[in-house]
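A.B. asks: The lines below spell out each chain.
Protein chains: 2
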Amino acid sequence: MEKIEKVGSYEFLAEPFHCDFNKRITMGHLGNHLLNAADFHAEARGFGMLYLSSISRSWVLSRLAVEMDETPCAYDRFTVETWVESAMRYFTSRNFAVVNAAGKPIGYGRSVWAMIDTETRQPVNILEVNDGALSGYVDAEKVCPIAKSSRVKMSETAAFVREIATGYSDIDVNGHVNSIKYIEHVLDLFPLSFYETHRLRRFEIAYVVETRCGEQLRFYREETEPDTFCVRICKLPVGADEEIEVCRCQLVFEKS
Amino acid sequence: MEKIEKVGSYEFLAEPFHCDFNKRITMGHLGNHLLNAADFHAEARGFGMLYLSSISRSWVLSRLAVEMDETPCAYDRFTVETWVESAMRYFTSRNFAVVNAAGKPIGYGRSVWAMIDTETRQPVNILEVNDGALSGYVDAEKVCPIAKSSRVKMSETAAFVREIATGYSDIDVNGHVNSIKYIEHVLDLFPLSFYETHRLRRFEIAYVVETRCGEQLRFYREETEPDTFCVRICKLPVGADEEIEVCRCQLVFEKS
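The listed protein sequences correspond, in order, to chains A and B.
Heads up: the first sequence begins at 156 in my numbering, then just goes up one per residue.
Heads up: the second sequence begins at 156 in my numbering, then just goes up one per residue.
Mixed in with the good hints, there may be bad ones.
As the list makes no split between identical chains, a pair holds if one copy fits it or if it spans any two.
Said to hold, decoys possible - Below, simulated SDA-like cross-link-like pairs (lysine to any residue); rule was C-alpha separation at most 25 Å, straight line:
no. : residue 1 : residue 2
1   : K410      : P300
2   : K308      : A256
3   : K158      : N191
4   : K259      : I301
5   : K303      : E240
6   : K161      : L289
7   : K178      : S334
8   : K308      : K336
9   : K161      : Y230
10  : K410      : N329
11  : K178      : W268
12  : K178      : E274
13  : K308      : R356
14  : K410      : G203
15  : K336      : Y230
16  : K336      : S348
17  : K336      : I261
18  : K410      : E311
None of these hints come from the bench; they were simulated from the model.
All values reported here derive from a predicted model rather than from experimental measurement.
Isolated chain A (complex conformation) (with noise of 0.2 Å):
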């Protein structure tokens, strides 16, 4: 068998309709893009979703953090390199650069995923999936020069910004609110006039727990350095009269 390179790349375009008021892709869809490179990289070596769903396994997205110095403007094609950086029992960190057509990084990622058993929901050991697959596709040299994620600090007086229901389109394949569509809410905080001035440069979630349809989004934000902010989601279960942390995002914008 041909031996699998370690780093993935994979084409994208930034579609027109995935794009904003400033003709950049949102980091909503650019995120998408994101995990499917993963995805793709996956599936290619022995540990994707379509086999491991064949085993009653899951991937969990547990962080991401996208920065970005340049964002792919409409039409434009970019690369998305994906490698695996690193491989413990109950987590691995993958990591991407997006490149663009010129060859030039432009931006980068980082992802932090655990694995379950989709029957018991139980965290399982990644290095036993496929005989150790992913073991052999850990490159801890490439390099991925933004910040690891970090612990979001908030403070509990952060202001109460919004309420959402969540609906269909919220909704993943795994009955779940998905993980690209909490970006999508996240940004939608911000008024159109916030991003006629300003350029999202950074933006980092960590997902807590799961949200199902129809439970209430409730979302609070803190600006805790000039045009750094931090948001907090919190569901609120139906039938239940307190609120549950879902994830925590921290975006750091820069004048435009």
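Dock chain B against chain A, hints included.
C.D. replies: Then chain B, alone, in the frame of chain A:
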């Protein structure tokens, strides 16, 4: 120069994060692929959006109807064929066939487009663009066996069902609500439990006027016959006290 075929074919993947809890691509994402295919086809033949923007022209989608016998599942590859069915001075009809990996047509689409001058916002003569480039590609023979869009009839008593604020993620490169986002918002009017027992067979939308960010959208729904729903979307322009109709949809479901 090589003769370009009248019909263009473009392959797409039903990406996992574009699928609903039934593991089938949502009508919004499918519609996006049709619009991409339309643009790829047009661009290759001298009348795509990129070319048009260089001469201060733009396509405006007036109507879209999609009817699926079968909806692609997550990871399915499918082909969208598209061709121009007819062209008049101010409107052109473009059709679509969705073909599965085995080569079987599983659905069709119809669309109607106008062209505007992006400076005056006035309609322009489609047949004059790029020396009448479009006329040479009309294919009136290829069959599209689904009903044409027709004026969706609704009574004045359709029930008011939702009001939403439009935000950053709704807005497209032209600064208006994205044609696809209306589809998502309309699908969200139906509870998840409805989709557990019903499959969306046909979706039809007629766009009337554009919505800008911050304008409120109001949704009115009526079940005109069993499992057939009409939805009228109105907007309340900022500062106005009277609604304007923005678009009108018809959804035909079948028991699944």
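A.B. asks: Now tell me, hint by hint, if it's right for this structure.
C.D. replies: Going down the list of hints, with the structure as the test:
1. K410 - P300: within (22 Å within a copy, 52 Å between copies)
2. K308 - A256: Result: close neither inside a copy nor across copies, 37 Å intra and 48 Å inter.
3. K158 - N191: within (22 Å within a copy, 35 Å between copies)
4. K259 - I301: For K259 and I301, only the intra-copy Cα distance (16 Å) is at most 25 Å; the inter-copy one is 46 Å.
5. K303 - E240: Classified as within: same-chain Cα gap 12 Å, cross-chain 53 Å, threshold 25 Å.
6. K161 - L289: This pair counts as within: shortest intra-copy Cα distance 10 Å, inter-copy 46 Å.
7. K178 - S334: both (23 Å within a copy, 15 Å between copies)
8. K308 - K336: within (22 Å within a copy, 33 Å between copies)
9. K161 - Y230: Between copies, since 23 Å is at most 25 Å while 29 Å is not.
10. K410 - N329: between (38 Å within a copy, 22 Å between copies)
11. K178 - W268: between (31 Å within a copy, 22 Å between copies)
12. K178 - E274: between (43 Å within a copy, 18 Å between copies)
13. K308 - R356: The answer is within: 19 Å in one copy meets 25 Å, while 47 Å across copies does not.
14. K410 - G203: neither (39 Å within a copy, 33 Å between copies)
15. K336 - Y230: This pair counts as both: shortest intra-copy Cα distance 23 Å, inter-copy 20 Å.
16. K336 - S348: So K336 and S348 pass the 25 Å test inside a copy (22 Å) and across (20 Å) alike.
17. K336 - I261: For K336 and I261, the Cα distance is within 25 Å only inside one copy (24 Å; across copies 28 Å).
18. K410 - E311: neither (28 Å within a copy, 47 Å between copies)
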